[in-house]
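Residues per chain, in single letters:
Protein chains: 2
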Amino acid sequence: MSCVKISARASEKVKAIKWSPQCTCPLFNSPRKIEPIQQWHPKPSLFFMDTSEAPAPGEFGSLTEQYKTLNPMQQVPAVEIDGITLSQSLAVIQYIDETRPGPRLLPADPKKRAQVRMISDLIASGIQPLQNLYVIQKMGAEKMQWAQHFIDRGFQALEPILKETSGTYCVDDEISMADICLVPQVYNAERFKVDLEKYPTIKRLNQTLREIEAFRVSHPSCQPDTPEELRG
Amino acid sequence: MSCVKISARASEKVKAIKWSPQCTCPLFNSPRKIEPIQQWHPKPSLFFMDTSEAPAPGEFGSLTEQYKTLNPMQQVPAVEIDGITLSQSLAVIQYIDETRPGPRLLPADPKKRAQVRMISDLIASGIQPLQNLYVIQKMGAEKMQWAQHFIDRGFQALEPILKETSGTYCVDDEISMADICLVPQVYNAERFKVDLEKYPTIKRLNQTLREIEAFRVSHPSCQPDTPEELRG
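Protein sequence lines correspond, in order, to chains G and D.
Per full-length UniProt numbering, residue 1 is the first one in the first sequence, and the count goes up by one each step.
Per full-length UniProt numbering, residue 1 is the first one in the second sequence, and the count goes up by one each step.
Please note that the accuracy of each hint is not assured.
What the hints assert, rightly or not - Cut-off 30 angstroms, straight-line C-alpha distance, at most; resulting in silico cross-link-like pairs (DSSO-like, lysine-lysine):
no.	chain 1	residue 1	chain 2	residue 2
1	D	K203	G	K143
2	G	K163	G	K203
3	D	K203	G	K138
Just so you know, these hints were derived from the structure itself, not from any lab.
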């Protein structure tokens, strides 16, 4: 049996940031992160998450060195699968998509696939890195303004693209990797009090996606250890 | 005949940063950026770059609004191809790779392909966004320290990964998208005076790649408008 072994989030910053509401990718957001994969790739026997290594929130410090050997970037996710270790959310998602059966997170049509990657990369490279906790912590009192600036800048680019590509979801009417990137980024935008009324397509897509069970259960606001004030 | 129409770099920041030495992706680095594609996908008739829109360096300001409709993020690259408009370097490279003949920039083997994506994403999401000019300009006097910090942090993660995956090039012995990401990132590291001796694998790969004609001619230091002090 193949396995996806999701290793514990264990960077030095985890103690400070808590477990769940910081990761862009809901797949890797918490111990429940594997559920969307199980739903879209409905072969539970192919996937399991080894939570034996996952300590309770607040106990990650001791895993830092151990985790560093698994993912030198010390960020989630890191996945040991098929004899290789992979980090970077989009690389992991695409590997699972290409090697496991089940509904696809990247469309078969090359143009749509390119659009899915464009949207995913715009979020994962163009927005997320500039407002993740590691950067924000360096900003001190300016952190809210900094995060808002970069999320707004990214959403201003994303809105017209999604207006063009979207149907029910980010690209046409099939759930894709782009949707997986969008939802937690909108959650971050809400945390940093970005005005979503300016982005009607983003707002609509997020609302539609949040109705779906897989997104609902993996949403950062619904994790076992999400702080009370961030629960949605 | 299909065409790749590379539109002029025309964001509001272009005037300040000049044309060439700022983009992570050598494919999209200058009017000569298409050459590596032509070499690896040796079907010149499939690819051409329409430079008729490309104004001389220093004349991009007037194109800002026009370019914004093409790429709302106002970054290079933006490509009109097969009836769609694509931005984001990695999405463009993969689209070309999947739809055009010629040597592949992503390996056929899924594991190697995942490793190529992991390395590319580590650079494109984990390093490049934090030291690109738009961010650096916000840092004022601290910009050198800021850039060094994030490049060092990324290279500390990249070095052990490349030690594991590399052969002659980043992943085994075939040139891939990962190599395309590595070379300009090393160039940026050199600009920000990061000590490369700490990263022997990165240094070796960069030296090997720079010997290759396609990398040589597209290197940021070799562009027609590279400032004299940045020429290599």
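Consistency of the hints with the structure:
Between D/K203 and G/K143 the CA atoms are separated by roughly 35 angstroms; this puts the pair beyond 30 angstroms, and the hint is violated. A hinted pair counts as satisfied when its Cα atoms are at most 30 angstroms apart, and G/K163 with G/K203 qualifies at roughly 11 angstroms. Restraint check: the Cα-Cα separation between D/K203 and G/K138 comes to about 29 angstroms, which is no more than 30 angstroms; the hinted pair holds.
Taken one by one, the earlier hints fail for this structure only at number 1.
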